[in-house]
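The listed protein sequences correspond, in order, to chains A and B.
For the record, in the first sequence the residue sitting at position 445 is 445 according to the working numbering, with numbers rising by one throughout.
For the record, in the second sequence the residue sitting at position 15 is 15 according to the working numbering, with numbers rising by one throughout.
One thing to keep in mind: the hints can contain errors.
[To be verified] Keeping only pairs whose Cα atoms sit at most 30 angstroms apart, straight-line, the calculated DSS-like set for lysine-lysine is:
| id | chain 1 | residue 1 | chain 2 | residue 2 |
| --- | --- | --- | --- | --- |
| 1 | A | Lys210 | A | Lys118 |
| 2 | B | Lys50 | A | Lys222 |
| 3 | A | Lys269 | A | Lys133 |
| 4 | A | Lys426 | B | Lys22 |
| 5 | A | Lys210 | B | Lys36 |
| 6 | A | Lys232 | A | Lys210 |
| 7 | B | Lys51 | A | Lys210 |
| 8 | B | Lys36 | A | Lys152 |
| 9 | B | Lys60 | A | Lys152 |
| 10 | B | Lys54 | A | Lys222 |
| 11 | B | Lys60 | A | Lys210 |
[Claimed, not checked] Calculated Cβ distances over 10 angstroms to all of chain B for the following chain A residues:
| id | residue |
| --- | --- |
| 12 | Ile84 |
| 13 | Val191 |
| 14 | Thr249 |
| 15 | Arg359 |
| 16 | Ile448 |
| 17 | Phe462 |
| 18 | Glu565 |
None of these hints come from the bench; they were simulated from the model.
Positions of the beta carbon are idealized from the N, C-alpha and C atoms, including for glycine.
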Amino acid sequence: MRHFLNGTEIAPRNLPEIGVISDFTDRPNELALNVDTIILPREAKIIIDNHLQAQGPFEGLPYTVTMNGGITLEYYIDFLENAIFRSHEIEVKIKRRKGKDQFFENADGLTFELMRNKGVVLTLIDVPYLIIKDNAVEIAIPIAISLYVMTKELIQAVSDLATATGNLIQAVTPNATVPPLPPLGSIISLVVTVIAQIIYTALVLVAVIKLAQQLFDLIFPKIRYYKGAKVKELISKGCQYLGYSFQSTLLDSISGLSILPVPILKEKKSIFDYVANDLNFSFTKGYPTANDSTPTLGSLITAIETQFNAKTKVVNGVVQLEIRNYWQNITPNSIIPALALQGERMDEYTLNLEEAWKRYYIHYQVDYSDTHTLDFYDPTDAEYSTEPLSPINTDLVTIKGLNDINVPFALGGRKKGLNWIEKFVKVFFEVVDEVTGVFGGGTNFASIIENRVGVLQISSQFYSQTKMLYLIGGKQPANYIDFLSATVLWNKYHYINQIQLNDYKVRNSIRTRISEQDFVDLQTNNFADVNGNIVEILRIEWLDEKSYALISYKEPFDYADGHVETIKIN
Amino acid sequence: MDILEAQNMIDGIKGQLETLLKTFDATLANIPEDVKPQISFAQADMNEIKKAIKSGDITKLNELTKRYASINPER
Numbered sequence: 001m002r003h004f005l006n007g008t009e010i011a012p013r014n015l016p017e018i019g020v021i022s023d024f025t026d027r028p029n030e031l032a033l034n035v036d037t038i039i040l041p042r043e044a045k046i047i048i049d050n051h052l053q054a055q056g057p058f059e060g061l062p063y064t065v066t067m068n069g070g071i072t073l074e075y076y077i078d079f080l081e082n083a084i085f086r087s088h089e090i091e092v093k094i095k096r097r098k099g100k101d102q103f104f105e106n107a108d109g110l111t112f113e114l115m116r117n118k119g120v121v122l123t124l125i126d127v128p129y130l131i132i133k134d135n136a137v138e139i140a141i142p143i144a145i146s147l148y149v150m151t152k153e154l155i156q157a158v159s160d161l162a163t164a165t166g167n168l169i170q171a172v173t174p175n176a177t178v179p180p181l182p183p184l185g186s187i188i189s190l191v192v193t194v195i196a197q198i199i200y201t202a203l204v205l206v207a208v209i210k211l212a213q214q215l216f217d218l219i220f221p222k223i224r225y226y227k228g229a230k231v232k233e234l235i236s237k238g239c240q241y242l243g244y245s246f247q248s249t250l251l252d253s254i255s256g257l258s259i260l261p262v263p264i265l266k267e268k269k270s271i272f273d274y275v276a277n278d279l280n281f282s283f284t285k286g287y288p289t290a291n292d293s294t295p296t297l298g299s300l301i302t303a304i305e306t307q308f309n310a311k312t313k314v315v316n317g318v319v320q321l322e323i324r325n326y327w328q329n330i331t332p333n334s335i336i337p338a339l340a341l342q343g344e345r346m347d348e349y350t351l352n353l354e355e356a357w358k359r360y361y362i363h364y365q366v367d368y369s370d371t372h373t374l375d376f377y378d379p380t381d382a383e384y385s386t387e388p389l390s391p392i393n394t395d396l397v398t399i400k401g402l403n404d405i406n407v408p409f410a411l412g413g414r415k416k417g418l419n420w421i422e423k424f425v426k427v428f429f430e431v432v433d434e435v436t437g438v439f440g441g442g443t444n445f446a447s448i449i450e451n452r453v454g455v456l457q458i459s460s461q462f463y464s465q466t467k468m469l470y471l472i473g474g475k476q477p478a479n480y481i482d483f484l485s486a487t488v489l490w491n492k493y494h495y496i497n498q499i500q501l502n503d504y505k506v507r508n509s510i511r512t513r514i515s516e517q518d519f520v521d522l523q524t525n526n527f528a529d530v531n532g533n534i535v536e537i538l539r540i541e542w543l544d545e546k547s548y549a550l551i552s553y554k555e556p557f558d559y560a561d562g563h564v565e566t567i568k569i570n
Numbered sequence: 001m002d003i004l005e006a007q008n009m010i011d012g013i014k015g016q017l018e019t020l021l022k023t024f025d026a027t028l029a030n031i032p033e034d035v036k037p038q039i040s041f042a043q044a045d046m047n048e049i050k051k052a053i054k055s056g057d058i059t060k061l062n063e064l065t066k067r068y069a070s071i072n073p074e075r
């Protein structure tokens, strides 16, 4: 290995001890030196002193390690990590440049609000919604009263009209015994009376129409729109902002996955001062903000990892987010490890029993500000249990542990059909449509009620949990639950965590000879073929000066098959 | 009154109203020819009323109401 500090070759004082460790089991330490620090004397110290004088300690300094075969690992010195300054040398920590460590440190601090302020253009989606409250009875009472009053008035008006018309007919109908017609004045008088009565009836009708219109607007405010965003759009633009590109076959396969942030908007009309139809603007910004469960790029990626049993890799400036076994099926790597205990020429391994669990609970959030999340609770959670198949002593069964998959979103309800109050009122408005149609034209309230099906339904203007939706053209399709429900999350993504499907031998610190190229390849995909089995590399410590590596890996081993089963208990 | 009763009643009103309007039109048509010119205003005003209902024009209906209130058929 050769070391370069900002392009100048240098020799760290502790060079012979330096190896490189890749740890794939935990996010912050994917690639690091096997020593805590590097010690830089002489010209390296001068370069650092100059840098600190010019830029201060808040900007890292490029540090490049090259290996045989032209392999380059890009690092940077992070002066914020316990740098120690001495008279003739400096001790610093280095981190992978544009590697996973740096990406997540930046992503955790990158808010979508900041991106927007910096001019990043996010493609937002208009999400139609209706507020369907749980006070239907309160709404029904005034409707019933209005219905009674209007019906009564119409009956009276038509009755009077009938009388007037009857009088007119009687007046103009020829009578055999009496000279043909009554006086002209009487006929005109009766015609006037009939028309006057028609006008009165018409006035009642117009009043009915106008009252119905006002009632309709209050009971059925028009569909309004929140702004939301696709998950892939948010993550992709966030990565782009940090200088990375983003790939995810997982998110490509669930392209409708969208986030509806909580309504939080400053300088807007108050819902207490205006009726709903006058509040014709989005109450959400479209991207998650500080009040959402995923205000930063890092927290959103973590949430998606949790929800979909996924992992994120950052390799050469590309962020990949995939279900955790994705790389297993596409690895080109192959390595030949030695026996665990070289001295005794013996094998040694442990079992990954820490990954076994008794309960597996996948759940979304419920939102007490949006009672639809409680009213339609069915897709919100799913619970599974690992049960022994044929225990001899049940008190000695040691399966334990809760695997809590806490998805930090609430689901959004879809308006599947008309509820009872809408059906109730729809009949009334159908009648209004018919009566107003007597004079030609008329209203069409009933069809507007019918058009409300399929949109997002919430129980109040403001809700408190960030929502996850599956949107096609702004609306959730009838089968949106097939993409989002907790049971579907298990069936598609989490079932691989059953210990019967996830049982492995774990071998630790196995010495093996790998080339520098193998080492670099394993950074991209930490699965490899070992003796015909695809194993997952958990950790590699590569010692350049000693020309070998110590690897820890998981190898398939069916120790749980036939002994336990997973049952769905909720 | 429940919703079905109300619906039936309003349906009934609608039928009655339609019949009455047709009857009124027919009555006007059957009035002797020598009287017709004297009540030609009736058909014209009926058209005005229908237009006003379609457009929800209460002002127009109020105008017509005032006009009819001022008519003295005895003259």
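Hints and how they fare:
no., hint, in the structure
1, A/Lys210 / A/Lys118, "49 angstroms, violated"
2, B/Lys50 / A/Lys222, "29 angstroms, holds"
3, A/Lys269 / A/Lys133, "21 angstroms, holds"
4, A/Lys426 / B/Lys22, "29 angstroms, holds"
5, A/Lys210 / B/Lys36, "36 angstroms, violated"
6, A/Lys232 / A/Lys210, "47 angstroms, violated"
7, B/Lys51 / A/Lys210, "16 angstroms, holds"
8, B/Lys36 / A/Lys152, "35 angstroms, violated"
9, B/Lys60 / A/Lys152, "24 angstroms, holds"
10, B/Lys54 / A/Lys222, "22 angstroms, holds"
11, B/Lys60 / A/Lys210, "15 angstroms, holds"
12, Ile84, "83 angstroms, holds"
13, Val191, "5 angstroms, violated"
14, Thr249, "54 angstroms, holds"
15, Arg359, "49 angstroms, holds"
16, Ile448, "17 angstroms, holds"
17, Phe462, "33 angstroms, holds"
18, Glu565, "54 angstroms, holds"
Going through the hint list in order, the structure does not satisfy hints 1, 5, 6, 8, 13.
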